[in-house]
Amino acid sequence: MSDGSSASDPAGSDDAGDGRHETPEERLDRNWVDILQELRVTQTGTQVLTGFLLAIAFQPAFADLERYQQRIYLVVVVVAVLTVALGLAPVSLHRALFRQRVKQLVVRLGHVILRLVLLGVGLVLVGTVLLVFDVVAGLRPALVAAGVTAAVVAGIGVLPALVLRVRPTGSRRRRV
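Per the numbering used here, the very first residue in the sequence shown carries number 56; after that it's consecutive.
No lab work stands behind these hints: they were computed from the structure. For each residue, glycine too, the CB sits at the ideal point set by N, CA and C. A portion of the hints provided could be inaccurate.
Unchecked claim - Label pairs and their calculated CB-CB ranges:
no. : residue 1 : residue 2 : range
1   : Gly74     : Phe107    : 37 to 47 Å
2   : Thr78     : Phe117    : 37 to 47 Å
3   : Val146    : Pro196    : 15 to 25 Å
4   : Pro115    : Leu91     : 39 to 49 Å
5   : His76     : Pro196    : 34 to 44 Å
6   : Arg220    : Arg95     : 34 to 44 Å
7   : Ala216    : Ala118    : 38 to 48 Å
8   : Val103    : Ala209    : 46 to 56 Å
9   : Leu171    : Ala110    : 24 to 34 Å
10  : Val157    : Phe107    : 32 to 42 Å
11  : Pro196    : Arg170    : 26 to 36 Å
Using the sequences provided together with the hints, build the complete structure.
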């Protein structure tokens, strides 16, 4: 029984071909719990990194930064703060729509928001590496380090999806 669901459908359906026999509501509940758990993991690290970034401006050596370094710093701080705020959005969304029978919408939006949070975390990591390496080793090593960091972050985000992607098997799709 093919229901059109896929690995990229976070809301799920009656039978996603994953061996689970759960109602659509049970699948939505499970997917929502998964999204919240993934957000918990990202939130802690993002909040700690954001706190450290915010504290940098109050260090005496901050005044020694070049103007362009201060701009990089400000961009990284803005992205970090927006990422932390975005990580709170699914919970706020759930609260706002609680008991309105729109869990499928909440799960779909939570999935999109989580992907944006992961993008934000990646950008903050790249920006932080760029700034730290620039201050410590100079602009050229900073660009190399930021490029390597960007490649690693992109690889972590893309490679598993390519390697473990859903492959069609007959009329059904299965997870590898």
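Checked hints:
1. Gly74 / Phe107: 37 to 47 Å: holds (43 Å)
2. Thr78 / Phe117: 37 to 47 Å: This hint is violated: roughly 55 Å between Cβ atoms.
3. Val146 / Pro196: 15 to 25 Å: violated (40 Å)
4. Pro115 / Leu91: 39 to 49 Å: holds (41 Å)
5. His76 / Pro196: 34 to 44 Å: violated (55 Å)
6. Arg220 / Arg95: 34 to 44 Å: violated (26 Å)
7. Ala216 / Ala118: 38 to 48 Å: holds (44 Å)
8. Val103 / Ala209: 46 to 56 Å: violated (23 Å)
9. Leu171 / Ala110: 24 to 34 Å: holds (25 Å)
10. Val157 / Phe107: 32 to 42 Å: 38 Å Cβ-Cβ, so the 32 to 42 Å window holds.
11. Pro196 / Arg170: 26 to 36 Å: holds (31 Å)
When the structure is compared with the earlier hints, violations turn up for hints 2, 3, 5, 6, 8 and for no others.
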